[in-house]
Amino acid sequence: QVQLQESGPGLVKPSQTLSLTCIVSGGSISSGGYYWSWIRQPAGKGLEWIGRMYITGSTNYNPSLNSRVTISLDTSKNQFSLKLTSVTAADTAVYYCARGVYCSGTSCYTPNWFDPWGQGALVTVSS
Amino acid sequence: SVLTQPPSVSGAPGQRVTISCTGSNSNIGAGYDVHWYQQLPGKAPKLLIYVNTNRPSGVPDRFSGSKSGTSASLAITGLQVEDEADYYCQSYDYTLSGSVFGGGTKLTVL
Numbered sequence: 001q002v003q004l005q006e007s008g009p010g011l012v013k014p015s016q017t018l019s020l021t022c023i024v025s026g027g028s029i030s031s032g033g034y035y036w037s038w039i040r041q042p043a044g045k046g047l048e049w050i051g052r053m054y055i056t057g058s059t060n061y062n063p064s065l066n067s068r069v070t071i072s073l074d075t076s077k078n079q080f081s082l083k084l085t086s087v088t089a090a091d092t093a094v095y096y097c098a099r100g101v102y103c104s105g106t107s108c109y110t111p112n113w114f115d116p117w118g119q120g121a122l123v124t125v126s127s
Numbered sequence: 001s002v003l004t005q006p007p008s009v010s011g012a013p014g015q016r017v018t019i020s021c022t023g024s025n026s027n028i029g030a031g032y033d034v035h036w037y038q039q040l041p042g043k044a045p046k047l048l049i050y051v052n053t054n055r056p057s058g059v060p061d062r063f064s065g066s067k068s069g070t071s072a073s074l075a076i077t078g079l080q081v082e083d084e085a086d087y088y089c090q091s092y093d094y095t096l097s098g099s100v101f102g103g104g105t106k107l108t109v110l
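Line order of the protein sequences matches chains G and B. Numbered by our numbering, the letters in the first sequence go through residues 1 to 127 in order. Numbered by our numbering, the letters in the second sequence go through residues 1 to 110 in order.
Hint data in this document are derived by calculation from the structure and do not stem from the laboratory. As the structure is a prediction and not an experimental result, all values here were calculated from the model. Honestly, I wouldn't trust all of these hints.
Here are some, though not all, of the chain G residues that point toward chain B, as calculated from beta-carbon distances under 7 Å [said to hold, decoys possible]:
(1) G46
(2) V87
(3) A90
(4) T106
(5) C108
(6) T110
(7) D115
(8) G120
C-beta: ideal position from N, C-alpha, C; glycine also.
Construct the entire structure; sequences and hints are all you get.
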């Protein structure tokens, strides 16, 4: 059973870069068939999709964050990462990593759904 | 949010409730699929319904999903206290070129 676990600093200073890693266990990110994704949730608010990466290197990012976001895969460590530059207090949130699934049986769908999710990592942007 | 959900719904144990997810012709109305998640207090979201109507293994058949036109709905029958949670819909919007979520609906079991 695939499990995901976020790790990284819980406090980041304004204007600096937020960096998080998602460690994947119980399955290989190299196997293909999934999008490795990040989603965030400010306290008391809803979910916001950040972006995703496929094993081929293809990425898609939320246009509202596009210029500041980079998602990368490290197949040797079976993990993927998120970098968000020039952070402000508005980037304070719980950050979730998730596996994006888009095929079931022989059929594939848009958009992918997220299953499973990591437990979440709270990142606070403050000086 | 691009997808509109009621902020809250409530029902008594044993009753049936529905949660709507209203989109537009650039997302649900364009034929994109809808997925639903349950987020228990203090926990990560969990997949509840995928591709409009499908339940993952382990999700009770009290939960069902439907989609029509520019909207989708989640129905919960035989409400239980443990169903108290936030529920989110998710789809795709081609003008944004990415996944979008509804604002979430808080379910209270009275």
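Here is what the structure says about each hint:
no. : hint : result
1   : G46  : 5 Å, holds
2   : V87  : 20 Å, violated
3   : A90  : 16 Å, violated
4   : T106 : 13 Å, violated
5   : C108 : 10 Å, violated
6   : T110 : 5 Å, holds
7   : D115 : 4 Å, holds
8   : G120 : 5 Å, holds
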